[in-house]
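S.K.: These protein sequence lines are chains G, A and Z, in that order. So for the first sequence, the working numbering puts the first residue at 1; every next one is plus one. So for the second sequence, the working numbering puts the first residue at 1; every next one is plus one. So for the third sequence, the working numbering puts the first residue at 1; every next one is plus one.
A portion of the hints provided could be inaccurate.
Which copy is meant is left open, so a pair is good if it fits within one copy or across any two.
The list that follows gives simulated cross-link-like pairs (lysine to aspartate or glutamate, EDC-like), each with its CA atoms no further than 20 Å apart [claimed, not checked]: (1) K24 to D70; (2) K51 to D128; (3) K51 to E61; (4) K50 to E61; (5) K50 to D128; (6) K24 to E47; (7) K3 to E97; (8) K3 to E61; (9) K50 to E67; (10) K3 to D70; (11) K50 to E97; (12) K24 to D2; (13) K3 to E47; (14) K51 to D70.
Calculated directly from the structure, the hints in this document are not laboratory data. Keep in mind the model is a prediction, meaning the values are calculated, not measured.
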Amino acid sequence: MDKLSFQNPLFTTYVIAASVMILKAVTMSWLTVVRMMQVRGGFRSPEDIKKTVLNPNPSAEQLAPNEYVDRIRRIQLNDLENLPFFLVSGFLFILTEPSLMLAQWLLYGYVISRLLHFAAYFTARTHDTRATLWTVGSLILIFMCCWTLLVALWQ
Amino acid sequence: MDKLSFQNPLFTTYVIAASVMILKAVTMSWLTVVRMMQVRGGFRSPEDIKKTVLNPNPSAEQLAPNEYVDRIRRIQLNDLENLPFFLVSGFLFILTEPSLMLAQWLLYGYVISRLLHFAAYFTARTHDTRATLWTVGSLILIFMCCWTLLVALWQ
Amino acid sequence: MDKLSFQNPLFTTYVIAASVMILKAVTMSWLTVVRMMQVRGGFRSPEDIKKTVLNPNPSAEQLAPNEYVDRIRRIQLNDLENLPFFLVSGFLFILTEPSLMLAQWLLYGYVISRLLHFAAYFTARTHDTRATLWTVGSLILIFMCCWTLLVALWQ
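Chain G on its own, in the form it takes in the complex (with noise of 0.2 Å):
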């Protein structure tokens, strides 16, 4: 069968687990820009306060640093530092063709793994927890890449 066709309950595992880590990296410049609104601060660029229809009373303030929109960007540093990895490790280790139910414990295991570091992120909880919550997404995908190296390298 065509390893990419969506008759096929792998690829589809991954298209969905992928597609769903997609939505919440998009999500998070989203969340941004909500925040950015509501404190009406935490711009980063000089040109941010000029006068314009989305922000008619500028103020040199809204350049400062604010910790409400910033968690916000290191959730989604987060992000950047561990999905596209993942997004691209998932796709390689699914042609591996391993078994259905070991492919779908760890892709999804891995999203839910990040959906509740994001939780756990957002909500402020103790270092721990996130750090616990990260880890298990990373040992995840550090055996589906060490599993699709070894693939290639024994064949």
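Dock chains A and Z against the given chain G, drawing on the hints supplied.
M.R.: What follows is chains A and Z alone, placed relative to chain G:
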């Protein structure tokens, strides 16, 4: 037909869009280099103010933030927040075999929105202009991602 | 032959290069964790100075920038600016079916350039050394991307 064949117009549409976006992203790195050379500053590591062939007259001020360089870094960070997800989402989207016209509108539309976003950011247009152009690209990305997810779920 | 088969030496060349690069990128995250544990600092979120099992003696200084930790963060940011684009560009490049020797030179050459770049950055070599190694990788990436674009345009 092989979905990943360069005879498949859906695939070549993706390849053209993806290649232009990757070249765009790489250009940001080179533009940062060019600007750092122009102002002889905007460096970030302590060892960057050692005397070398490329930096014959080092000074501690070279490590200070430099808006002329940092503008490109902000543009590049915006690329990192968007392009990797577009590259994966666009790939999965054309694998769902949409109509060629739809794929061309969305993929080339995304490319154009990002090039205009760069032009607006580079020339320091208002936040409203930049935000509008970013929104176009983001909505295209969300549309492709939801489309792909629905195809995967409905199979 | 199936382009995405692990019997296809072009594909396995890509898989090996991609897997090594992903593991390299993930290692940066772990290295950041190790250094944060060593210096008990370099944290970034207000909640990171709550008393927990992993941080039994918290203090406000733990949130101050820490060069020992920030060096790894800069290396990681450099990865984020380069690796996701290599991962996609390398994949599309091997789909153009170049000669195996060319693919091995470019893909493995890229991997070696990035590992040396890491070694130079990690040990704080001069900017010139680091920049030279980065340039090698960047030129390989640009070459692969232009090659792929031309193949797509000429079909």
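S.K.: All the hints need checking, so say for each whether the structure fits it.
M.R.: Hints, one by one, checked against the model:
no., hint, result
1, K24 to D70, "within (17 Å within a copy, 27 Å between copies)"
2, K51 to D128, "between (43 Å within a copy, 10 Å between copies)"
3, K51 to E61, "within (14 Å within a copy, 33 Å between copies)"
4, K50 to E61, "within (12 Å within a copy, 29 Å between copies)"
5, K50 to D128, "between (42 Å within a copy, 10 Å between copies)"
6, K24 to E47, "neither (29 Å within a copy, 23 Å between copies)"
7, K3 to E97, "both (9 Å within a copy, 15 Å between copies)"
8, K3 to E61, "neither (54 Å within a copy, 52 Å between copies)"
9, K50 to E67, "between (22 Å within a copy, 17 Å between copies)"
10, K3 to D70, "neither (41 Å within a copy, 42 Å between copies)"
11, K50 to E97, "neither (55 Å within a copy, 44 Å between copies)"
12, K24 to D2, "neither (28 Å within a copy, 31 Å between copies)"
13, K3 to E47, "neither (49 Å within a copy, 45 Å between copies)"
14, K51 to D70, "neither (23 Å within a copy, 22 Å between copies)"
Consistency note: the structure conflicts with the earlier hints numbered 6, 8, 10, 11, 12, 13, 14.
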